[in-house]
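*Asks:* What follows is the residue order along each chain.
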Amino acid sequence: MRVLRIFIRNFRDSLRSVFRNFSLSIASITCITITLILVSLSIVISANLYHFTKTLEEELTIIVYLNEDVDSAKEQQIEAAIKGMDSYEFLEFKSKEEWKKEMQETSSELSATLEYLDTNPLLDSITVKVLDIKDLASSAEYIRGLDGVKSAKYGEDTVDKIIFIFDVMEKATIVIVLALILVTAFLISNTIKLTIFSRRNEIEIMRLVGTRNIVIRQPFIIEGFILGVIGSIIPIIITVYGYIIFYDHFDGYLFSHMVELLNPTALIWKVSLIIMIIGGIVGMFGSSRAVRKYLKI
Amino acid sequence: MKFIEIKNCSKVYKNGVTAIANLDLEIKKGEFVFIIGTTASGKSTLIKMLYREEKPTKGEVMVGGINVGKLRNGKVYKLRRKIGVVFQDFKLLPKLSVYENVAFGLETIGMKAKEIRPKVLSALERVGLKSKLRCFPRELSGGEQQRVCIARAIVNEPKLLICDEPTGNLDPDTSKEIMKVIDSINKDLGTTVVMATHDKDIVNRMKKRVVTIDSGIKVSDVEKGGYKVHESA
Chain A
0 MRVLRIFIRN
10 FRDSLRSVFR
20 NFSLSIASIT
30 CITITLILVS
40 LSIVISANLY
50 HFTKTLEEEL
60 TIIVYLNEDV
70 DSAKEQQIEA
80 AIKGMDSYEF
90 LEFKSKEEWK
100 KEMQETSSEL
110 SATLEYLDTN
120 PLLDSITVKV
130 LDIKDLASSA
140 EYIRGLDGVK
150 SAKYGEDTVD
160 KIIFIFDVME
170 KATIVIVLAL
180 ILVTAFLISN
190 TIKLTIFSRR
200 NEIEIMRLVG
210 TRNIVIRQPF
220 IIEGFILGVI
230 GSIIPIIITV
240 YGYIIFYDHF
250 DGYLFSHMVE
260 LLNPTALIWK
270 VSLIIMIIGG
280 IVGMFGSSRA
290 VRKYLKI
Chain B
0 MKFIEIKNCS
10 KVYKNGVTAI
20 ANLDLEIKKG
30 EFVFIIGTTA
40 SGKSTLIKML
50 YREEKPTKGE
60 VMVGGINVGK
70 LRNGKVYKLR
80 RKIGVVFQDF
90 KLLPKLSVYE
100 NVAFGLETIG
110 MKAKEIRPKV
120 LSALERVGLK
130 SKLRCFPREL
140 SGGEQQRVCI
150 ARAIVNEPKL
160 LICDEPTGNL
170 DPDTSKEIMK
180 VIDSINKDLG
190 TTVVMATHDK
200 DIVNRMKKRV
210 VTIDSGIKVS
220 DVEKGGYKVH
230 ESA
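These protein sequence lines are chains A and B, in that order.
Quick note on numbering: the first sequence equals residues 0 to 296 in numbering that gives the first Met the number 0.
Quick note on numbering: the second sequence equals residues 0 to 232 in numbering that gives the first Met the number 0.
What the hints contain is simulated information worked out from the structure, not anything from laboratory work.
Hints may be right or wrong, so weigh each one.
Said to hold, decoys possible - The calculated label-pair distances, taken between Cβ atoms and stated as ranges, are:
{"hint": "1", "chain 1": "A", "residue 1": "PHE185", "chain 2": "B", "residue 2": "SER183", "range": "35 to 43 angstroms"}
{"hint": "2", "chain 1": "A", "residue 1": "PHE6", "chain 2": "B", "residue 2": "ASN7", "range": "39 to 47 angstroms"}
{"hint": "3", "chain 1": "A", "residue 1": "ILE175", "chain 2": "B", "residue 2": "ARG116", "range": "50 to 58 angstroms"}
{"hint": "4", "chain 1": "B", "residue 1": "ASN66", "chain 2": "A", "residue 2": "ILE213", "range": "20 to 28 angstroms"}
Built from N, CA and C at the ideal position, the CB exists for glycine as well.
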């Protein structure tokens with residue numbers, strides 16, 4: 000009970016301090032707000048990039064064409080070799096007869112042309128799906144080296160470029176977010192430093208009357224937390240309403256249905272929670288830095 | 000019964016200044032002792048060591064059975080809950096009322112509000128300020144502010160009251176009133192009082208034990224002494 004009483008008292012004091020040093024608090028909250036808006040934006044972009052990459056991964060396959068002389072036994076050997084790859088997820092064999100039938104069904108001209116020929120000019124194929132999009136190139140290379148394989152293709156140039164761009168964007172986002180978090184922590188630390196100076200008489204009296212060190216430090220840590228959480232309110236509102244408006248405006252797709260956006264209901268609440276937690280933790284981290292450095296007990 | 004026991008104690012600051020040198024001092028429970036000396040004689044350092052604001056560099060300082068020199072930072076609060084401290088500059092919180100200033104310490108150690116109230120009212124009654132509990136420090140005279148400071152120091156019923164030049168900012172008449180309050184705390188509650196002062200009048204009038212410090216050395220220790228006695232010592 001005593002611990003709870005002290006905590007409630009310190010929480011009340013921290014809230015008072017936020018409003019007592021209002022101009023200072025506003026400056027910190029503004030900085031946190033700007034940072035968290037950027038963090039939120041980065042998270043939303045990252046999540047959508049991740050979603051797009053995953054969708055792409057599900058759609059991207061390697062089409063393996065076999066030589067004309069490959070018989071059933073040889074084809075089984077090739078399948079076994081593909082299944083032995085670390086990156087293997089699944090494969091689907093399609094004979095040249097199946098290809099012919101499928102093509103004939105899709106177009107009457109093709110059907111007539113293929114009927115006119117004495118022999119089937121098409122090839123048996125195996126569609127291979129790999130676990131990770133990054134393994135496409137190495138897997139295709141491996142398959143090309145197998146005996147009886149004529150070609151293995153996955154749209155090399157485009158896919159490699161997309162993977163590279165996404166990789167760079169993902170890493171850049173992480174670096175930017177980390178840098179912004181550090182800046183925010185520093186700003187909060189600065190605010191708490193000034194709060195410590197403005198409350199030095201109170202601190203001195205607390206020490207003299209036998210207040211425990213942890214109780215003296217607690218209000219400053221709570222104040223950092225409060226600043227962080229208050230600073231996350233506007234970014235959360237912007238994330239929730241901004242993303243819904245953005246999603247509705249583009250009907251859930253970007254660049255003419257090439258990129259499917261993540262559903263807002265699944266995304267916004269998670270991002271909001273993350274933003275609030277980041278705000279609180281960064282606030283506490285910044286204030287504990289100031290307490291360690293400037294609060295000599 | 001000894002309450003404070005200082006044995007062969009020295010304090011040398013990092014800049015090389017020796018504030019206290021090989022000091023021995025014993026103070027009994029319930030005693031009233033003046034510590035006098037010129038500016039920079041070491042009396043404030045001695046006072047600060049009693050409430051562990053400073054640590055001795057050599058020797059032993061025992062207060063109420065606690066070895067102050069060996070007390071870890073995290074445990075200092077245990078010592079300070081047994082001690083009340085009164086300063087020359089009052090150190091009151093301007094945004095808190097008289098009542099809140101006195102209750103402040105008890106709140107920060109987690110005492111219940113219903114336990115705090117009678118203690119605060121009793122402390123304010125002892126210093127004669129019960130009628131001004133809603134006033135703010137700026138609305139009080141210097142003497143009244145010092146009395147609030149004394150009430151805050153005694154509210155938790157400490158065994159030791161340390162006063163560092165408590166009348167330094169006050170006129171002679173107000174100083175007399177403050178000394179009356181401190182004397183009554185010593186007599187009525189049996190609180191041990193250690194007071195550092197420059198005030199000759201007070202020391203001469205009170206006829207208490209007087210310890211004189213000069214350049215960190217105890218030069219005299221006289222029962223029922225006065226300031227004049229020690230000037231010639």
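*Asks:* Range hint 50 to 58 angstroms: satisfied by the CB atoms of ILE175 (chain A) and ARG116 (chain B)?
*Replies:* Holds - the Cβ-Cβ distance for ILE175 (chain A) and ARG116 (chain B), about 55 angstroms, lies within 50 to 58 angstroms.
*Asks:* Measuring from beta carbon to beta carbon, are PHE185 (chain A) and SER183 (chain B) in 35 to 43 angstroms?
*Replies:* Because 53 angstroms falls outside the window, the suggested range is violated.
*Asks:* Is the hinted range of 20 to 28 angstroms satisfied by the C-beta distance from ASN66 (chain B) to ILE213 (chain A)?
*Replies:* holds (23 angstroms)
*Asks:* Determine whether the Cβ-Cβ distance between PHE6 (chain A) and ASN7 (chain B) falls within the hinted range of 39 to 47 angstroms.
*Replies:* Given a distance of about 44 angstroms, which is inside 39 to 47 angstroms, the answer is holds.
Checked against the numbered hints above, the structure breaks only hint 1 and satisfies the rest.
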